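Participant: Modelling step: build the complete structure from the supplied sequences, incorporating the hints.
Line by line, the protein sequences are chains A and B. Sequential numbering from 1 applies to the first sequence in the numbering used here. Sequential numbering from 1 applies to the second sequence in the numbering used here.
No lab work stands behind these hints: they were computed from the structure. Model, not experiment: these values are computed from the prediction. Watch out, some of these pointers could steer you wrong.
[Unchecked claim] Quick look at which bits of chain B chain A covers, simulated, 3 or more residues with Cβ under 8 Å:
1) 2–9
2) 45–57
3) 113–121
Glycine included, C-beta positions come from ideal geometry on N, C-alpha and C.
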Amino acid sequence: VRPDRLQQAFHSEAARHLDAARDLLAGGEPLTTEQLAELFRRLHSVKGMAVSAGHEAVAERAHQLEERVARVRRRGKGLSATARRELLRGVDGVRERVERPVPAEETATTVVEGLPPVQLPEDRLDRLFDVALGLSAAQQRLEHRLGLPADGELLALRDGIQAGIAELRREILELRLLPVRSLLPLLEGAVRRWSQECGVRVQVSVRGDGVRADRRMLERLIDPLGHLLRNALVHGIEPPAERRRAGKPEAGTIRLTIRREHDRLMLRVTDDGRGVDPREVLHRAVERGVIAAGSEASLPRDAALDLLTRDGMSRLSAADGLAGRGVGLGAARGEIERLGGTLRLHQRTDSGLTVEIRLPLGLAVLDVFLVETRGQTFAIPVGAVREVHGLDQPEGPRGPPPERSLDLGEALGLGPPGPGPPPRALLVVEGAGPAAVLATERVRARAEVVVRPLGSPLEAVAPWSGAALLPWGGLALVLDPLRLAPRARAVEPATSSARMEE
Amino acid sequence: VLEDPGRHQLALPVELVGRLEAITEVLPVPGAPGGIVGLAELRGRPVTLLDPMVCGARKDPSAPASATPRSALQLAPPREHLAFVAGPDARIRPLPPEAEPDPDAVRVDAGTFERAIAELGGVRGRV
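Facilitator: Structure representation (structure tokens):
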């Protein structure tokens, strides 16, 4: 067994046994003889695996817990509440140790087969990627200057270099992507701690764990995601007794859904807790001058919830029943917006709160339409475009009437259309809300481009989600339809004959 | 010291200074706050071009009003996505720690720089 595989197996298996042990101890009912035996077995398994994998500290601690359970079993008087609490703390402590990176001297050394795998430091990986992209950009510029070679041999050579660079770029990009799920082990220990502190029980489930995103982006997601999970635990999930009274299972659920939406990452955190009363939020918002008195009646339900994330709503007193709700949400929203993302709150009647985050993927290869307006090229992710209509085609499917469209140049603040060519293409673009019809001078190309994040301070500027490296050299700003949405105009759903894919 | 004849002199701490690069094209960014000139592609990376005036540099009144930037001082990691724009004749002159920069030079320490960037980030685009 290779050492890295052994370590992986240890981490996943030990975590599984410890979670099962935790479930046994965290239950409300006294443990039966069989359950005590199972608890003993689980701890014993962890000890055995830790010894095999060279985790001496984990093995020692698991042994102590196992011995304690063995003594309880020998006495035959059942597990006292104190012993149960202490064992639970002990199991959580071991779980945290299992998650920690293994110090070099603690790893197994007796099972090495061949040399250890090559490890690439993160900054070297970033540098390698920069070099590959620089090479790609230089090659594109050179090609642009020299034009297409007439000589067949040179053409083949050019194609070979181009394909090689594209392959290099793809391979390095792949190395930088991590499953979004890899964030969770970093947060699991904290979730356990918070649920203990609040006296609540909770299960965290994850959907869509196959989605991968740029490592740098994921690093910056840890804090906001932590805020949201903490908020759900501290303010959403009720203690077991309260949940029993409400006819809910004793353990609450926090569901994390991860999805890729064309050039964006969508993360949704939903709890099945007590939720928030929008009327109470509105009342407090008026009281604190966050919104003008009288304006609350016209606010939709979700807009009322969004007020919770606004300045001035974060210092609610305990008597409000909303105490602290806004603190974590406001902090999370601030961090998400700094990353060029959005945060929205939703709640169905009589259910817990849902927080939805949408973020640029960071570094990615995207399929985009390159459109021109006022002499500048912009990239629009193909996934966000429902339909494309050419206005100068005498026949073929017609789109929405041009007068219902929004001139892209005007929407971007580039001023009214000048005396140049009139818009010749309409794009029906979808964001989170209603679709927008954008009029643009022309659709120049559809291309696969590398998109790079803009970084601070431009990442906070709407409606841009990054910059695309153009196939012919140079850059184009990538338009984020979601951040253009406030200017969107609703259109009727497309007829099947007018759909883009046709 | 970034010396940009006819424009300004910026005295920057060494840890901020990356390298001086020629730029051929500046991409305007609609909605960007004043102080951001646009984006340029430097070796496959989009780099935000900053007007040195965001750090307090004064423009030479004799400088041509519509001078196009021809070079950029790209900052060192981890700020390599940022650059100060400069003219075609700009150069970097190392200054020993004990030496005083020219009285006309604007001194920019790391704190001033971070504050200037944070202020730019706080100004949301108009779009």
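Participant: With a cut-off of 8 Å between beta carbons, are at least three residues of the segment 113–121 of chain B near chain A?
Facilitator: holds (count 4)
Participant: Has the segment 45–57 of chain B got at least three residues whose CB is nearer than 8 Å to a CB belonging to chain A?
Facilitator: holds (count 3)
Participant: Taking beta carbons only, do three or more residues of the segment 2–9 of chain B come closer than 8 Å to chain A?
Facilitator: violated (count 0)
Comparing the model with each numbered hint stated earlier shows that hint 1 is the single one that does not hold.
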